[in-house]
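Chemist: Listed in order, the protein sequences are those of chains A, B and C. With our numbering, letter number 94 in the first sequence gets 94, and the count goes up by one each step, no holes. If you want our numbering, it's the 1-based position in the second sequence plus 113. If you want our numbering, it's the 1-based position in the third sequence plus 542.
Quick caveat, the hints were computed from the structure, so don't treat them as lab data. C-beta: ideal position from N, C-alpha, C; glycine also. Be careful, since some hints might not be right.
[Said to hold, decoys possible] Mimicking DSS-like on lysine-lysine, the simulated pairs with C-alpha atoms at most 30 Å apart in a straight line are:
id, chain 1, residue 1, chain 2, residue 2
1, C, Lys659, B, Lys418
2, A, Lys74, C, Lys604
3, B, Lys463, A, Lys7
4, B, Lys173, B, Lys150
5, B, Lys538, B, Lys463
6, A, Lys78, B, Lys173
7, B, Lys173, B, Lys538
8, C, Lys552, B, Lys400
[Claimed, not checked] Some, not all, of what chain B presents toward chain C, calculated at C-beta under 8 Å:
id, residue
9, Lys263
10, Ala409
11, Ile414
12, Lys418
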Amino acid sequence: MQLIYEKSREGRRGITLDALDVPQVNLPDNLQRAHDARLPEVSEFDAVRHFTELSTRNFGLDSHFYPLGSCTMKYNPKIAEVVAALPGLAANHPHTSTSEATWDQCQGSFELI
Amino acid sequence: MSWIPATDTDRQEMLDTIGISSIDDLFSSIPDDLRLKSWDIPEGISEMSTLATIKRMANKNTVDTVNFMGGGYYDHYIPAAVDALSSRSEFYTAYTPYQPECAQGTLQSIYEYQSAICRLTDMEFANASLYEGGTAVFEAATMSMRINRKRNKIVCHPSMNPNYRAILESHTANLDVEIVDGDDPTDAACVIVQNPAFDGTIQDFSALGNACHEAGALFVVSFYPISLGLLKTPGEMGADIAIAEGQSIGIPLSFGGPYLGILATLKKHVRKMPGRICGETVDSEGKRGFVLTLQAREQHIRREKAMSNICSNQALCALRALIYLSLMGKQGLVDIAIHCHSKAEYLKSKLGFATILNEGATFNEFSVRLPKDAREIVKALNAEGFNAGIPLIDIGRGEANDLLIAVTEKRTREELDAFAAMLEKISCS
Amino acid sequence: MFPTDTKYTKDHEWVREENGDYIVGITSFAAEQLGDITYVEMPEIGTQFAIADEVATVESVKAASDIFAPVSGTISEINEALEDQPELVNESPFEQGWFFKMNNVSTEELEVLMDAKAYEIFVQEQDH
Chain A
1 MQLIYEKSRE GRRGITLDAL DVPQVNLPDN LQRAHDARLP EVSEFDAVRH FTELSTRNFG
61 LDSHFYPLGS CTMKYNPKIA EVVAALPGLA ANHPHTSTSE ATWDQCQGSF ELI
Chain B
114 MSWIPATDTD RQEMLDTIGI SSIDDLFSSI PDDLRLKSWD IPEGISEMST LATIKRMANK
174 NTVDTVNFMG GGYYDHYIPA AVDALSSRSE FYTAYTPYQP ECAQGTLQSI YEYQSAICRL
234 TDMEFANASL YEGGTAVFEA ATMSMRINRK RNKIVCHPSM NPNYRAILES HTANLDVEIV
294 DGDDPTDAAC VIVQNPAFDG TIQDFSALGN ACHEAGALFV VSFYPISLGL LKTPGEMGAD
354 IAIAEGQSIG IPLSFGGPYL GILATLKKHV RKMPGRICGE TVDSEGKRGF VLTLQAREQH
414 IRREKAMSNI CSNQALCALR ALIYLSLMGK QGLVDIAIHC HSKAEYLKSK LGFATILNEG
474 ATFNEFSVRL PKDAREIVKA LNAEGFNAGI PLIDIGRGEA NDLLIAVTEK RTREELDAFA
534 AMLEKISCS
Chain C
543 MFPTDTKYTK DHEWVREENG DYIVGITSFA AEQLGDITYV EMPEIGTQFA IADEVATVES
603 VKAASDIFAP VSGTISEINE ALEDQPELVN ESPFEQGWFF KMNNVSTEEL EVLMDAKAYE
663 IFVQEQDH
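Can you build the whole structure from these sequences, using the hints too?
Modeler: As structure tokens, then:
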């Protein structure tokens with residue numbers, strides 16, 4: 001199976017942003033990197049195919065029995081994934097706990113802990 | 114609610130098969146006076162009630178605000194495919210990858226992640242991840258002392274996130290380590306800088322990197338992944354070790370975790386690097402495969418002499434980061450960085466009523482001195498639907514009127530205009 | 543069974559004099575126990591060690607073992623071939639798989655080490 005880098009095609013994009021709605025400002029030259037990072041150039045579809053294929057090359061508890069390990073061989077109920085992803089929890093910034101001025105933004109997290 | 118499949122009948126069958134009369138017999142080797150007699154745990158509740166209970170708590174958080182809070186963790190957009198792909202249970206219920214025959218999916222994703230980090234930072238080797246950005250600082254410090262065996266002084270540049278500084282102190286409290294603040298590499302195992310700095314300032318640390326090498330100290334750079342869409346890289350500045358918090362590339366804020374510790378280094382130091390490393394190899398049929406390598410650094414082999422006692426990683430978060438970087442791609446990361454920087458500069462231009470405290474260029478975060486108490490302003494702005502930022506006095510990095518503001522690609526011009534107007538209105542009232 | 547012009551320690555290091563230098567390595571017994579050697583972490587040339595100090599580390603696929611100074615002395619040379627060919631330790635533990643050389647060695651400490659015969663008996667006892 002190829003690496004995601006081997007599947008790259010110059011100019012392919014996964015995600016595009018909206019057009020910049022403020023004037024573009026460039027950084028001083030001496031603070032910039034010389035070359036763009038050679039990250040993959042794939043479409044979203046390429047990425048979906050790639051990572052879906054990768055997932056099939058794993059033994060996961062949902063699909064297989066593995067008599068290995070202690071901490072990791074236990075089944076966790078699916079509801080755990082659901083609650084962790086609740087926007088009220090997933091989008092709560094940790095620094096709301098830093099200042100009393102923002103504590104009313106994280107009362108739920110405090111209560112949960 | 115029980116997700117343990119066995120019924121009482123199943124249990125009885127198991128007991129009969131192994132020839133004991135009760136489950137308690139399995140614990141007979143533990144002396145009776147050491148056995149737990151009771152515990153104060155409430156009865157379980159149904160899944161439905163569990164969801165309702167936690168939802169009620171989640172609803173007490175305020176997350177619908179327009180977010181200008183940074184300080185090491187940023188409100189960036191996470192593409193839908195990141196959740197969709199990393200939520201495949203083959204990834205999130207996978208076991209640790211020490212049995213490569215069961216884990217080629219995980220291992221190849223780790224290998225691709227390590228490669229992405231190297232390409233992002235211009236470093237030569239990356240590990241499979243650490244816990245988060247703060248402990249990554251500690252790991253870089255101890256790695257420096259393993260490389261520079263005769264030195265135990267760690268120099269922390271003032272650019273460092275104060276939380277990371279505190280983590281370094283607490284983790285080394287019982288070790289023979291001296292931590293000093295400043296930028297003098299004399300007799301130091303390493304000097305650790307952060308770019309962008311905690312207050313948002315960016316600079317070219319190449320000269321300090323050279324000074325470190327001349328003084329025999331390692332040069333460690335703590336970076337912000339999104340910023341490397343544009344910024345001079347740790348590798349370009351001569352870093353021996355590059356570390357970061359990876360939350361900004363595909364991981365939700367989640368009130369502090371799970372997050373992603375990133376660490377990368379040069380080939381000459383790789384045997385001293387902590388954490389797991391995935392390498393490429395061939396199987397018995399000559400086909401490409403992946404396997405954890407250089408395991409003799411780790412504690413299951415080297416015990417008390419191991420590079421670190423971490424025998425774990427944040428594989429799922431690293432996978433999310435890899436998917437994010439793949440979806441953004443070469444150009445996408447540049448675009449996001451341009452958006453972040455330009456929008457921050459735009460916001461700055463609308464804050465003439467306040468004083469920008471940074472002495473020099475910033476990326477997407479900056480410190481500002483407001484006309485009155487920052488906490489009061491933040492509270493008032495909360496009520497208007499804005500999470501205005503971090504009052505710097507509350508993290509020991511500024512005066513009462515100082516505020517740390519971060520701008521990401523998610524902030525539209527309308528939001529920036531509205532925020533600037535409201536900030537001015539409340540500051541000057 | 544073991545080279546007779548060589549002395550041995552209880553930690554399975556060997557030491558042999560050659561033109562004024564003292565060459566140190568690990569025995570075939572040790573190499574076998576460790577399995578395929580993957581890396582040897584060498585001391586710095588010029589460093590002085592006392593007898594039984596940790597001088598080097600040898601890594602195999604399943605273990606990382608310390609190598610101790612068989613006698614007090616100063617490191618004069620290291621076997622750079624092991625950097626790219628650590629397998630020499632398994633293939634030729636007493637010849638090409640040498641680790642390092644020492645000088646300024648304490649000859650009294652040398653006298654006390656086991657000879658080949660004593661080491662052979664010692665190894666046989668290990669197997670019980």
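Chemist: Take the hints in turn and mark each one as holding or not.
Modeler: Hints and how they fare:
1. C/Lys659 x B/Lys418: violated (34 Å)
2. A/Lys74 x C/Lys604: holds (28 Å)
3. B/Lys463 x A/Lys7: violated (44 Å)
4. B/Lys173 x B/Lys150: Not OK: B/Lys173 and B/Lys150 at ~37 Å, beyond 30 Å, violated.
5. B/Lys538 x B/Lys463: holds (12 Å)
6. A/Lys78 x B/Lys173: holds (23 Å)
7. B/Lys173 x B/Lys538: holds (28 Å)
8. C/Lys552 x B/Lys400: With Cα atoms ~44 Å apart, C/Lys552 and B/Lys400 exceed 30 Å; violated.
9. Lys263: Result: violated, 10 Å to nearest chain C Cβ.
10. Ala409: Holds. Min distance 4 Å.
11. Ile414: Holds, about 6 Å.
12. Lys418: Status holds, d = 7 Å.
Consistency with the previously given hints fails for numbers 1, 3, 4, 8, 9, ordered from lowest to highest.
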